[in-house]
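J.: Using the sequences and the hints given, assemble the complete structure.
The lines below spell out each chain.
There are 2 protein chains.
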Amino acid sequence: MTRAAARTSSAGVRGSCSQTVSLDDYLALCKEACDDEIARLYGDSDAAGGLRDLILDYPRRGGKALRPALGIAMCLGLGGHLDAILPTAATLELYHNAFLIHDDIEDESWWRRGEPTLHIDHGIPVAVNVGDAMLSLSLQPLLDNVERIGLGPALRILRAVSHMTRRTVEGQAIELDWVRSNTWSLDDADYLQMVELKTSWYSFITPLQVGAIAAGEGPDRLPALEALGRHLGAAFQITDDLLNLRADPDVYGKEIGGDLWEGKRTLMLLHMMRRAEPAHRERAAHILAKRRPTTDGEAGLVELLDTLTRRGDLSATGRAAIRAFCTAQHVSDPKTFDDIRWLHQLMLDVGSLTHAKRVAAHHSRQAAAILADLDWLPTSHHRDALAQLVDYVHGRTR
Amino acid sequence: MTRAAARTSSAGVRGSCSQTVSLDDYLALCKEACDDEIARLYGDSDAAGGLRDLILDYPRRGGKALRPALGIAMCLGLGGHLDAILPTAATLELYHNAFLIHDDIEDESWWRRGEPTLHIDHGIPVAVNVGDAMLSLSLQPLLDNVERIGLGPALRILRAVSHMTRRTVEGQAIELDWVRSNTWSLDDADYLQMVELKTSWYSFITPLQVGAIAAGEGPDRLPALEALGRHLGAAFQITDDLLNLRADPDVYGKEIGGDLWEGKRTLMLLHMMRRAEPAHRERAAHILAKRRPTTDGEAGLVELLDTLTRRGDLSATGRAAIRAFCTAQHVSDPKTFDDIRWLHQLMLDVGSLTHAKRVAAHHSRQAAAILADLDWLPTSHHRDALAQLVDYVHGRTR
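So the protein sequences, as listed, match chains A and B.
Position 120 of the first sequence, counted from 1, bears residue number 119 in numbering that gives the first Met the number 0, the numbering being contiguous throughout.
Position 316 of the second sequence, counted from 1, bears residue number 315 in numbering that gives the first Met the number 0, the numbering being contiguous throughout.
Everything labelled a hint here was simulated from the structure, so no lab data went into it.
Each residue gets a CB set at the ideal place from its N, CA and C atoms; glycine is no exception.
Just so you have them, the derived chain B footprint on chain A, three or more residues with Cβ under 8 Å:
1) 99-111
2) 136-145
3) 158-169
T.: Here you go:
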């Protein structure tokens with residue numbers, strides 16, 4: 000971002016200090032300032048295999064830039080400067096988008112924010128490298144902090160980010176391990192602990208904490224923000240998982256029910272496994288143990304073989320040989336559409352969605368109460384934005 | 000690593016100051032100290048989805064730990080302490096292994112150091128996350144440096160590592176872009192520039208430079224080490240690419256000719272495209288434009304369909320329908336074994352391997368000359384180890 004642009008954006012977020020500003024406008028201003036900062040960081044990477052455009056691809060698709068907004072609102076709400084938090088906000092957004100790119104590969108997702116995922120557009124090799132680029136390059140803004148906010152706060156932010164990344168990859172590892180080892184005997188506490196690691200630290204706790212550090216606050220402010228961020232993370236992730244179940248790619252920008260295909264251990268799925276009668280639980284466990292189809296085409300091949308057999312173009316022996324070959328390639332049968340529909344219906348039948356909504360609402364209320372109790376955060380439209388964000392995290396519909 | 004273990008390892012690398020030590024022994028001592036440091040970093044990650052064992056998997060398979068050894072030798076050779084360089088050495092090794100894990104996914108490699116690659120063993124999702132974990136967690140040792148070597152040198156090392164990661168992902172992006180856009184009109188200078196970015200910074204320049212910084216040397220020492228590392232990187236990568244062409248998995252721990260299947264723009268391939276007669280160049284370009292087969296099984300399916308057709312279990316119509324279906328899935332024909340063999344023979348015919356060996360030898364000699372000229376690096380067995388490493392990088396057979 001040019002200095003002039005920095006001042007304009009800063010004026011944008013700050014300018015409405017005295018008037019009411021909608022959350023959408025507030026988020027849009029934060030996103031603009033943060034995207035400019037990211038673009039500035041990669042200003043000279045044009046020659047390097049198109050890396051700059053690839054790095055800016057996901058941020059340019061929209062998204063709320065929730066994490067930068069949390070950091071900016073906390074920093075400005077505590078009387079800090081936009082310049083003091085912008086490099087760190089850019090780092091948070093880079094981490095988030097790097098995780099999105101790699102998650103999309105890990106989850107075999109095809110859609111992100113209404114467009115094909117990066118690995119579908121450019122192949123897995125490029126997508127892995129672009130995510131690595133964003134992770135690797137996120138260190139530079141944190142070093143720029145030394146000049147902007149001084150050595151002490153810059154080091155505290157580096158330590159906070161280091162802590163954050165460790166928690167995040169641990170949470171992701173636990174979730175992947177549950178799927179791979181077909182673990183489903185887990186309760187709400189197990190799920191919430193995993194979500195705290197996977198989601199709360201990088202999406203809520205750290206953004207809030209680095210905002211306070213950039214504003215010059217001491218370590219005594221951090222525990223309350225950790226508690227606030229933990230509850231926000233739980234409300235956010237449960238809501239996200241609920242949205243995934245009813246997702247329409249046009250609205251939500253993700254695949255329909257991708258979590259079920261993937262076998263993700265959501266609060267709803269785990270509740271269902273605890274509440275379902277034994278025979279249903281057994282069938283559900285059997286489905287969950289099946290792999291995800293590798294492509295849409297995999298189901299298509301079976302249909303084609305059926306057609307050829309009916310027409311007499313393929314003998315029963317030939318059909319069996321081809322199926323055996325394909326099975327050997329893929330080791331086992333994949334989940335089917337019927338499997339997914341059946342799991343979804345069972346969740347509804349045993350009240351798992353209602354349960355999840357109740358838990359999300361609880362954590363949202365807890366977050367609102369903690370925010371209301373922060374007597375060291377002065378009244379301002381930044382504090383208002385944080386309060387609206389608490390509502391948004393729980394009440395969002397996309 | 001416990002303090003006691005640190006002292007033992009330190010004594011190991013240091014103990015032989017007055018006697019001759021083989022390069023293998025020197026490397027083994029450096030690797031042991033570095034692996035202990037990495038293990039210590041992840042001492043409490045046991046519960047997190049088996050992340051600790053996954054992170055330690057590649058380092059435990061052996062490997063030379065070349066990058067830590069370069070940093071340790073430079074630091075100790077300049078009178079620095081092992082404790083001063085060990086955290087940074089661990090970071091370098093973490094980056095290297097993270098890049099290996101992600102490269103193996105990007106290159107669709109099946110073998111690494113004589114065992115299945117991490118994504119073959121544990122699936123792409125886990126492998127992407129383990130690489131991310133290693134990238135993310137590599138920040139912590141650099142923050143530990145503040146206590147070990149003081150704020151100034153710690154910040155200089157952070158900046159050096161930030162610079163290094165940017166260069167590395169840029170180099171990787173250029174190489175991937177050449178393959179994806181089927182660019183082959185490139186000369187030695189293009190290749191060497193890409194290799195400087197992709198290989199020299201993270202494998203040679205930065206390890207040497209952080210060794211000097213950890214020993215308390217000032218910025219005036221760094222340009223000579225940059226030049227030394229650049230030549231070493233060129234010699235190393237060309238040698239690596241030559242080994243890939245003749246690779247036997249038992250010896251080299253990688254796939255045979257994987258670079259050719261992948262269409263990597265090596266010095267040999269680019270030389271061949273410049274030297275081959277027009278008809279051969281055209282055929283080579285056509286082959287390079289073909290994709291890599293997705294699995295060994297892809298070729299197997301064609302054979303199976305042939306057998307079924309011969310036996311009368313599959314009609315010609317049925318065979319065509321199945322082939323059309325598979326082609327639609329994969330868009331285009333893949334490279335074949337014959338293609339790869341033909342490319343390899345053409346390289347031999349036009350002298351591309353001889354040319355590459357000559358260029359590697361040139362850069363190896365340049366590196367040796369620069370090292371010999373470093374009059375501020377005292378004579379010691381650490382300096383001897385560096386000199387042997389220059390020979391090893393060029394002369395290695397695996």
